[in-house]
Amino acid sequence: MQAVAGTAVGAGVGTGDGAAPLAPRARFGPALGAVYRAQLSRARVARIPLLFVATFQSVGIMVLLRGVVDSGDPARSVVSGSSVLVVAFVALNLLAQYFGQLRAGGGLDHYATLPVPPAAVVLGAAAAYASFTVPGTIVTAVTGCVLFQLPMAHLWVLAAVIPLAGAALAGLGAALGLLAPRPELATLCGQLGMSAALLLGVLPAARMPEVLGWARDLLPSTYGVEALSRSFDPHPDWLVVAADLGVCAAVGVLSLAVATWAYRRAATR
Amino acid sequence: MPVCAVRDLVKTYPATRGRRGAAQAPAVRANDGITLDVRRGEIFGLLGPNGAGKSTLVRQLTGLLRPDSGSIAVLGHDLVRHPERAARLLGYLGQESTALDEMTVALAVETTGRLRGLGAREARAERDAVIGELGLTDLTGRALKQLSGGQRRLACFATALIGERPLLVLDEPTTGMDPVARRAVWAAVDRRRAERGVTVMLVTHNVLEAESVLDRVAVIDRGRVIACDTPGGLKEMVSEEVRLELVWRDRPPLDVPEVAALAAAAHTSGRRWTLRLPADRARTAVAAVTSGPAFAALDDFTLATPSLEDVYLALGGRAEGLVKA
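These protein sequences, in sequence, are chains A and B.
Counted from 1, the first sequence has number 119 at position 113 by my numbering; the numbering is strictly sequential.
Counted from 1, the second sequence has number 102 at position 108 by my numbering; the numbering is strictly sequential.
Hints are computed from structural coordinates only; laboratory data are not their basis.
Treat the hints loosely; a few may be bogus.
[Unchecked claim] Covered stretches of chain B (chain A as the covering partner; in silico rule of three or more C-beta atoms under 8 angstroms from a C-beta of chain A):
| id | stretch |
| --- | --- |
| 1 | 57 to 65 |
| 2 | 107 to 114 |
[To be verified] Among the chain B residues that face chain A by a calculated CB cut under 7 angstroms, a handful are:
| id | residue |
| --- | --- |
| 3 | Leu69 |
| 4 | Gly70 |
| 5 | His71 |
| 6 | Val74 |
| 7 | Arg75 |
| 8 | His76 |
| 9 | Ala81 |
| 10 | Tyr86 |
| 11 | Gly88 |
| 12 | Ala93 |
| 13 | Arg118 |
| 14 | Asp122 |
| 15 | Ile220 |
The C-beta atom is built at its ideal place from N, Cα and C for all residues, glycine as well.
Required output: the full structure, derived from the provided sequences and hints.
Here it is in structure tokens:
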């Protein structure tokens, strides 16, 4: 025993009751970085075709609505809704699928038997999927601005919209994937969430029935859409934009916390 | 003090309600009072057919499952009370590779090292060392899912080795591997045992592997340890018996009285009969089937000293599910 303690895990922590020292835990920051890097790399292999699908879907919707919607307010919500839809597709839909399959296939065991903080696994995967939406969202927003002659001066606001809406939707996607009792249900929930983001985000809010308006207010992606939409004003009200983004951030923190709890629950059955 | 001490471990999977079209599954007592000790530096095996409760046992050792009752101590730590400590005490190779499938071999090994607490430089250095040791250097840039089953298994084994732990828990590590890969696995295990006193707990249903690599083996059947000893010690239990295998060309010549007498004791699998007999009776039986009309109907026969499979059967285990390869 003493020899095991001395040779194998020199840097470990003793517990004082004659037990062997424990090897150190992986610290949160480096673990998050390692998961993020690994997830980005596997998403690059497995998800590039899907990213094209997400972008084409959003651009296609804008082209279709080009004939129906005049420029002005409706155009703004079409462009911002389509841009945030890319985030919803990848962060919500694909991440729900990923965690659903990982859980069903026993893949969580790998992480659960490593001394890594659960939050690092969930946040690393969520961050990787969210950053994977960056090119598609930018392409969609720029294409939309060209199609509907909207000003691109404040598109930099995407730098806040993507991570914050990404956090909210990725957290939701991860939680759905980890909580769904079967992977097919996780996929279904992800698809439904994305459809909701599509319908409630792209269609102008003013023309919606009241019930749909409430549903729209409940969906976290709405606040990302609103923030982006407001930034097309020649003189945006930055306070309202910041408030919208604040809602995204709050939902993001909440949903990622729920996802981390769901991960713990799923990892130790 | 043993590296791993398990006492009266019980784990029952609850009954599942039947859905439409699916039958209701009753509760399964997967571990039914398991007690065993693993000593330092040992390669300790859990041998039994699929469904015997081996994986359930190791999933409790690794903190993935909580036992209903009983105790588990690994290197002096109570893992029933502190299951999260398992990750800091042992390296685990499970049966699934889903989490790693889309990563390259190099990234899977390095990431696992990082998550086992290694620094960036350490993880890269250990990654290269482990990959070189297992002969995976040519495959470092390939994604795991592009590899053959045996290669993928070897890459997963590499992830279990990085970030050295004093105890390795390996659930059927060599499944699907060719002999070269198997040798790499056992050489890597032996090196760690000789250099650092690493202890290995191994799940297998492969009888030949169990006989050749294990120091001690616990034979598990229906959630219980039915025997625990060295492979040699276990075989002593049935040493007065030999195993006679007869393969008939077409159908057994039951009109020959000697063959008809053997039929009752034979375990039949297609055209193959397996018999466990005292040595003198086996000699008589061989003489009978290698002459006259019985010999004309005989395709092949073998006479062998008992294996762990015979031990398992002699102890009352079910034969199906053990592999001889």
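Each hint, compared with the structure:
no.	hint	verdict
1	57 to 65	holds (count 4)
2	107 to 114	holds (count 6)
3	Leu69	4 angstroms, holds
4	Gly70	3 angstroms, holds
5	His71	5 angstroms, holds
6	Val74	12 angstroms, violated
7	Arg75	12 angstroms, violated
8	His76	9 angstroms, violated
9	Ala81	4 angstroms, holds
10	Tyr86	4 angstroms, holds
11	Gly88	5 angstroms, holds
12	Ala93	4 angstroms, holds
13	Arg118	12 angstroms, violated
14	Asp122	17 angstroms, violated
15	Ile220	28 angstroms, violated
Hint check: violations occur at hints 6, 7, 8, 13, 14, 15; the rest are consistent with the structure.
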